[in-house]
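Chains as they are written, first to last, in our numbering: chain A, 1 to 143; chain B, 144 to 216.
Just so you know, the hints here were simulated from the structure itself, not pulled from any lab data. Don't take every hint at face value.
What the hints assert, rightly or not - To be clear about the criterion: a stretch of chain B counts as covered by chain A if any three or more of its residues have a C-beta under 8 Å from a C-beta of chain A, and this derived list gives those stretches:
1. 148-155
2. 195-208
As the list claims (entries may be wrong) - If the Cβ cut is set under 7 Å, some of the chain B residues that face chain A in the computed set are:
3. D158
4. V161
5. A162
6. T163
7. W173
8. L176
9. V179
10. A183
11. I186
12. L191
13. E211
14. G213
15. F215
16. T216
Ideal Cβ positions, reconstructed from N, Cα and C, are used throughout, including at glycine.
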Amino acid sequence: MYTREAHPGEHVGHHTSFEVKRANAALLRDEVGIRRPILLDDLAGSAHHAYGLLPNMTYVIGRGGRLIYRADWTSAANVESFLTRHEEQRRHRPARGGRSPYVSEQLEYRDQDREAFDERLRRNGPRSYDEFRRAEEIWRERG
Amino acid sequence: MTTDTVESYNYATFDGYVATGADVHEFAAWPNLLHVGERAPDIVATSLDTGERLALSSIWKRRSVVVEFGSFT
Chain A
1 MYTREAHPGE HVGHHTSFEV KRANAALLRD EVGIRRPILL DDLAGSAHHA
51 YGLLPNMTYV IGRGGRLIYR ADWTSAANVE SFLTRHEEQR RHRPARGGRS
101 PYVSEQLEYR DQDREAFDER LRRNGPRSYD EFRRAEEIWR ERG
Chain B
144 MTTDTVESYN YATFDGYVAT GADVHEFAAW PNLLHVGERA PDIVATSLDT
194 GERLALSSIW KRRSVVVEFG SFT
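Please construct the entire structure, taking both the sequences and the accompanying hints into account.
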């Protein structure tokens, strides 16, 4: 789901119309080589608001429409691991008794590649990089 | 501060967005917004490839669906 641009810059700017949003999404698809289907949220971010406004969340929705996984940050490895376990559990038939769903939560860690992130900021434009630095100063002042 | 207008949602500068405190509000709200086991919100979005408007429910009625939210960065 393509949302607002998290760090707009001179080259990849903020969305002032749906056509700008569509063009940015197409650029992302073509530049990064994304082969998954991309859905465009509307300009107001209706889907983004409904699911929580974070920049890189992932949800898995089971057949029928029940949420079966959510993460406030996307890890492809974590999603794959969940889907593998979920499919195994779905197919499993215990020799006796039944099965009950339960909910679990975990705190996970992800790698942060600051150089790669800075490259992506500069790809959006020099001011995207500068603005992120200024945002870090605001976060430091907040403590 | 929330990003509840089209202009504030599509902020022009990231540091300006952070200065409003909207980031704090949005990150704080997420843990209590949706939970596994609940029904997913049905939304309508546009396919980038075909331009077709489609409801997420039209996908999940046939199969499970992984939805990642994101942009360039």
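So, going through the hints one by one against the coordinates:
{"no.": "1", "hint": "148-155", "result": "holds (count 5)"}
{"no.": "2", "hint": "195-208", "result": "holds (count 9)"}
{"no.": "3", "hint": "D158", "result": "4 Å, holds"}
{"no.": "4", "hint": "V161", "result": "4 Å, holds"}
{"no.": "5", "hint": "A162", "result": "6 Å, holds"}
{"no.": "6", "hint": "T163", "result": "10 Å, violated"}
{"no.": "7", "hint": "W173", "result": "5 Å, holds"}
{"no.": "8", "hint": "L176", "result": "5 Å, holds"}
{"no.": "9", "hint": "V179", "result": "5 Å, holds"}
{"no.": "10", "hint": "A183", "result": "4 Å, holds"}
{"no.": "11", "hint": "I186", "result": "4 Å, holds"}
{"no.": "12", "hint": "L191", "result": "4 Å, holds"}
{"no.": "13", "hint": "E211", "result": "5 Å, holds"}
{"no.": "14", "hint": "G213", "result": "5 Å, holds"}
{"no.": "15", "hint": "F215", "result": "5 Å, holds"}
{"no.": "16", "hint": "T216", "result": "4 Å, holds"}
Violated hint for the displayed structure: number 6, the only one.
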